[in-house]
Amino acid sequence: MPPRPRPLPPAATTRRAAIGAALAGVATLSACDAGREEPSADPGVSTAADPDAGLVSNLTDEMTALLGTVTAVAATYPRLASTVRPWRELHEAHLEVLGHDTSPAHAHRRRYSGPDAALRDLRQREQRFQRRLVEASVSAQSGALARVLACMSAGAAQRLVPRTTSGQEQPG
Amino acid sequence: MTTVGALQSTLAAEHAAVYVYGVLGAQTSRWAEPGLYAALTAAYTVHRGRRDLLTRTITDLGADPVAADPAYTVPARLDTPDRVMQEAATLEDRCASTYASLVANTSGTRRRWAVMALNDAAVRVLAFRGAPEMLPGADEYTDR
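So the sequence lines, in the order shown, correspond to chains E and Z. The numbering used here numbers the first residue of the first sequence as 1 and each following residue consecutively. The numbering used here numbers the first residue of the second sequence as 173 and each following residue consecutively.
In short, the hints are calculated from the structure, not lab data. Think of the CB as a built atom: it goes at the ideal place given N, C-alpha and C, for glycine as much as any other residue. Among these hints, one or two may not hold up.
Claimed, not checked - Here are the simulated distance ranges between beta carbons:
id	chain 1	residue 1	chain 2	residue 2	range
1	Z	P253	E	N58	18 to 28 Å
2	E	Q124	Z	D311	44 to 54 Å
3	E	G54	Z	A243	42 to 52 Å
4	E	S139	Z	R228	19 to 29 Å
As the list claims (entries may be wrong) - A few chain Z residues that face chain E, going by a derived Cβ cut-off under 8 Å, partial list only:
id	residue
5	L225
6	A272
7	N291
8	M306
9	P308
10	G309
11	Y313
As the list claims (entries may be wrong) - So these bits of chain E aren't anywhere near chain Z, every CB distance computed over 10 Å:
id	residue
12	R79
13	H94
14	P115
15	D116
16	Q124
17	V138
18	A146
19	R147
20	S153
21	A157
22	Q158
23	R159
Using the sequences provided together with the hints, build the complete structure.
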């Protein structure tokens, strides 16, 4: 099992506090942002009136929904549980980094025509969300948050690479 | 860190990557290890292209691009495909971290380019090491 990331912020009891704590943690990491020359990349993050708060809130909503889809696929087709587990672990880890509660994941009920269709649907959603993370990184005002989101997109990109049974990357 | 500073750090990393991939390719038999050789060749080509682009970008910004060192330290024993793959994976991990830093210190199209380079490094490392990570490039979040 891959190592789990350390949670970025301390445990927060409310959604607002969680987002604030996450951004505060990111802000701590971005102490060197102040020297940037690029105009649209603001130095650091202020939790008082944070321009990225809405972005983080939307992303955590979307991650939570995706986590619900993963849970639903595993609940509908138990033999797919091990196949989709890497996605569940990834979203839980990313939500943790953003300071968001990850449990329990609500299983969004969906009807699939079979396990293959369920996996195909999940993969398409994951591809869309990976691109969403790229765009979120580009649009983030905080350089530190942009970095974290870019790393999340990279983690998702790794899981979208077709794998052989030996675990090696497969061309194409 | 300034944008130019981050670009210079990235260029320095790409100089090293081009050098080390050259060494790794030279240590790999095209006939005995065609898959590994192809992966190393592809990586070398990508990193050389990025090095050249970074050089032009820094020049366009009015700064002098950092020059490559005469040589870089590579492990003494690269006599097995596993050792070569291990070194290539380490190299891509470092590049992912470097590009993550570049993401933090740029915006707009330069940031987008850095995000894509980070994604590429994260995917490319899988050719050399099986296990994906939660946050490639963000070393501080993972217990390694």
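Against the structure, the hints:
1. P253/Z - N58/E: 18 to 28 Å: violated, 45 Å
2. Q124/E - D311/Z: 44 to 54 Å: At 31 Å between Cβs, range violated.
3. G54/E - A243/Z: 42 to 52 Å: holds, 49 Å
4. S139/E - R228/Z: 19 to 29 Å: Holds, at about 26 Å.
5. L225: Violated - the Cβ of L225/Z stays beyond 8 Å from chain E, reaching only about 18 Å at its closest.
6. A272: holds, 5 Å
7. N291: holds, 5 Å
8. M306: Result: holds, 4 Å to nearest chain E Cβ.
9. P308: OK, holds: P308/Z within 8 Å of chain E, min 4 Å.
10. G309: holds, 5 Å
11. Y313: holds, 4 Å
12. R79: Correct as stated: the minimum Cβ-Cβ distance to chain Z is 22 Å, above 10 Å.
13. H94: violated, 7 Å
14. P115: holds, 22 Å
15. D116: holds, 23 Å
16. Q124: Non-interface label stands for Q124/E: nearest chain Z Cβ at 18 Å, farther than 10 Å.
17. V138: violated, 5 Å
18. A146: violated, 5 Å
19. R147: violated, 4 Å
20. S153: Check fails; 6 Å does not lie beyond 10 Å.
21. A157: violated, 5 Å
22. Q158: violated, 4 Å
23. R159: Violated, since 6 Å does not exceed 10 Å.
Hints 1, 2, 5, 13, 17, 18, 19, 20, 21, 22 and 23 from the earlier list are contradicted by this structure; the remaining hints agree with it.
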